[in-house]
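S.K.: From first to last, the protein sequence lines stand for chains S and X. Once you know that position 124 of the first sequence is 128 in my numbering, the rest is easy, because the numbers rise by one and skip nothing. Once you know that position 105 of the second sequence is 108 in my numbering, the rest is easy, because the numbers rise by one and skip nothing.
Hint data in this document are derived by calculation from the structure and do not stem from the laboratory. Heads up, a few of these hints could be off.
As the list claims (entries may be wrong) - Stretch by stretch, here's where chain X covers chain S in the computed footprint (C-beta under 8 Å, at least three residues):
#1 30–36
#2 80–94
#3 98–108
#4 126–135
Said to hold, decoys possible - Sample of chain X residues with no beta-carbon within 10 Å of chain S, all distances over it, derived:
#5 24
#6 27
#7 73
#8 85
#9 141
#10 144
#11 145
#12 149
Keep in mind it's a predicted model, so treat the numbers as computed, not measured. Beta carbons are placed, not taken as given, at the ideal position from N, Cα and C, and that holds for glycine.
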Amino acid sequence: MENFTPWSALAGGMLLGLSAVILLLFRGRIAGISGILSGLFTPHRGDTSWRVLFLVGMMLGALALIPLGFSIPDMPSSSWLIYVVAGLLVGIGTKLGNGCTSGHGICGMGRFSVRSVVATLVFMAVAIAVVLIRQMLGWV
Amino acid sequence: MINRVIALVAGMLFGMGMVISQMVDPAKVIGFLNITGNWDPSLALVMGGALMVFAPAYRFLIKPRNKAISGEALKVPTNKQIDAPLVFGAALFGIGWGAAGICPGPALTALVSGQKEIIFFIAAMALGQVVVLIWQRARLARLQQA
Chain S
5 MENFTPWSAL AGGMLLGLSA VILLLFRGRI AGISGILSGL FTPHRGDTSW RVLFLVGMML
65 GALALIPLGF SIPDMPSSSW LIYVVAGLLV GIGTKLGNGC TSGHGICGMG RFSVRSVVAT
125 LVFMAVAIAV VLIRQMLGWV
Chain X
4 MINRVIALVA GMLFGMGMVI SQMVDPAKVI GFLNITGNWD PSLALVMGGA LMVFAPAYRF
64 LIKPRNKAIS GEALKVPTNK QIDAPLVFGA ALFGIGWGAA GICPGPALTA LVSGQKEIIF
124 FIAAMALGQV VVLIWQRARL ARLQQA
């Protein structure tokens, strides 16, 4: 447990919660990133700009922290195929299941939505199982 | 205008949260999911911190309202059904998340670094979403014909 970083995890998590509160309270939208992205592929009048601004804001927020000594880590140099296959699964899965770690894990669980609790338990359990298998195969 | 600023600021807080919490680091995510290895429980506190803020604010500030402050509808999901697409979709997402250690929030935050791994991941994720969208539309059209 020497990698445990409780305070930065808690502080970062609180910022995610604050972001979700602001977006829902002021604009009536759920801060679920997979849904914010997929909504761009079925554009409706008046439903696009907030999505683009939120996504651009995410990147600007990250950039704004760089002068303070934070950084965006280098991705592990696995084969590009891993990133493509994982991306496809994440895209298909989040569209079918209506959400990801943010939409279900934060906004849904925070509303005590049973669907979101089920989705979160399923994707957590499956991801843990996948990492367990990777560990056994020596791919971690 | 103010509504646009709000969307941008909310996005910035989200991106900052992703970087500060280190969700944006796949190694950190895998360390959390790797419960039999050198387990790093940090990401449980990310979700805990987010819920500590969101759950009470939702209950006391948002739920009593019938509209957002902008006057827009509160677009809170109303579907209550635990169905196969929910469970199957969450499982596929879990496989992808465990394989690369990246989920949509960290991916879109890290896009600003321009790393090709992230570009591949996001392009594939968008493609996956579009494929499901096309499939869902075709299925709806078939059901409406029947």
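S.K.: State for each hint whether it applies.
M.R.: A quick look at each hint next to the structure:
Interface restraint, the segment 30–36 of chain S with chain X: holds (6 residues with C-beta to C-beta distance below 8 Å; minimum three). For the segment 80–94 of chain S, the proposed coverage by chain X is satisfied: 13 residues have a C-beta within less than 8 Å of a C-beta in that chain, meeting the threshold of three. Counting residues of the segment 98–108 of chain S whose CB lies closer than 8 Å to any CB of chain X gives 9, so the stated coverage by that chain holds, three being the minimum. Requiring three or more residues with a Cβ within less than 8 Å of a Cβ of chain X, the coverage given for the segment 126–135 of chain S holds, as 10 such residues are present.
A beta-carbon of chain S is positioned within 10 Å of the beta-carbon of residue 24(X); the least distance is around 2 Å. Distance check for residue 27(X) against chain S: the nearest CB is about 6 Å away, which does not clear 10 Å, and the non-interface claim fails. Listed as a non-interface residue, residue 73(X) fails to keep its Cβ farther than 10 Å from every Cβ of chain S; the least gap is roughly 6 Å. Residue placement check: residue 85(X) does not keep its beta carbon more than 10 Å from all beta carbons of chain S (closest about 5 Å).
With a cut of 10 Å on Cβ distances, residue 141(X) stays outside the contact zone with chain S, its closest approach being about 14 Å. With a minimum CB-CB distance of about 15 Å to chain S, residue 144(X) clears the 10 Å threshold, and the non-interface call stands. Once the 10 Å rule is applied to beta carbons, residue 145(X) is consistent with being away from chain S; the minimum gap is 17 Å. Distance to chain S confirms residue 149(X) as a non-interface residue, since its nearest Cβ pair spans about 22 Å, more than 10 Å.
The structure shown violates the earlier hints numbered 5, 6, 7, 8.
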